[in-house]
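2 protein chains.
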Amino acid sequence: MQQIIDFIRELDKLKGITRKNRPLGMDRFENAAEHSWQVAVLALSLAEFADPGVDINRVVRMLLIHDVGEIDTGDRIVYAEGGWEEHKEAEMVAARRIFRFLPEPKRSEMMELWEEFEAGETPEARFAHAADRAIPAILNLAFNGQSWVENGITFERVVARIGAPIKAGCPVLWSYLEVRLEGEGAFLP
Amino acid sequence: MQQIIDFIRELDKLKGITRKNRPLGMDRFENAAEHSWQVAVLALSLAEFADPGVDINRVVRMLLIHDVGEIDTGDRIVYAEGGWEEHKEAEMVAARRIFRFLPEPKRSEMMELWEEFEAGETPEARFAHAADRAIPAILNLAFNGQSWVENGITFERVVARIGAPIKAGCPVLWSYLEVRLEGEGAFLP
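Protein sequences appear in the order of chains A and B. If you count the first sequence from 1, position 19 lands on 19 in full-length UniProt numbering, and the numbers rise without skipping. If you count the second sequence from 1, position 95 lands on 95 in full-length UniProt numbering, and the numbers rise without skipping.
Calculated from the structure, these hints are not laboratory results. Just so you know, not all the hints are guaranteed correct.
One copy or two, either will do: identical chains are not told apart, so a pair holds if it fits within one copy or between any two.
To be verified - EDC-like mimics (lysine to aspartate or glutamate), calculated; alpha carbons at most 16 Å apart, straight line:
id : residue 1 : residue 2
1  : Lys167    : Glu109
2  : Lys106    : Glu121
3  : Lys13     : Asp27
4  : Lys106    : Glu48
5  : Lys20     : Asp75
6  : Lys20     : Glu109
7  : Lys20     : Glu10
8  : Lys167    : Glu85
9  : Lys167    : Glu89
10 : Lys167    : Glu178
As the structure is a computational prediction, the values presented were derived from the model and not from experiment.
My request is simple: use the sequences and hints to build the entire structure.
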């Protein structure tokens, strides 16, 4: 029990890891903990659009812990260029450190979920990636392109970076977003 | 799809609902969105201590949406005296308003999860309540009793308010917390 409690206290640090999006209408940046919550609820809400074989409970579990590595590395906007291999390697080292707080078999179970998400190869991981890539777009489209504008991300780069993974994991979601991106793309550089 | 997107954007407001706990070592108060994430991960991590029949996936779903009513009502510390019936009624009206963004059957499914949590009668709801009541204690015990000290909550009131629900939903967790509360209760008024 003490190991679980220590794990939960360690995870508390995720509340201090800021991302590039701001909650709608707020000045501050969102943090990785509230993001993890929102993307898990998005996946739950989108369940009917997942492929029939997708285990949505596994998707939710993955999303709840997919960002824990950022406790050590910080968040990195998906539009950053270069250095991704080193960043991903550092996140894996961090995830291992953090899940080590847990007793077995929970430790391995969580690490496997984290690795499955990172690999992005199972239907569950693809669906989880679609939700994770879509959420900044869902927020930005309702907030004048906030994080894209602030970081000088062009319409073309948005589509190039998030289009394929969203389409692969949840085609209906991409059909919806693509039209809105084109229609409201005027605010993009 | 538009209904789901509107729902997720409405939920974004939960990031602005502050609670009485502060993230460990931070000045600001935590918000209900990051709390919902942390309590869901706590439930997942505690799964082995749930009664054999408990569907942990249902527990996680409940916890992810248990606080959405606070978007309209704000958070209320569990130690507040009186007015609970009115507060709970207002939260239910708010939950209905918010889940109405969703299409059926998602709308009813989420509302049922929310009501099941509120009623606290199923094994899943009892386990979810145990996690929800335990998390402020888990944080406070690592932060000099922060929210209890700031709100003048005595050791006796802590035990009286959180003891029974934690014991009912997860006895092992209460055994753990009870000893720590007694041992470190010195910081309490």
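Find the hints from earlier in the document that the structure breaks and name them by number, from lowest to highest. 1, 2, 6, 7, 8, 9
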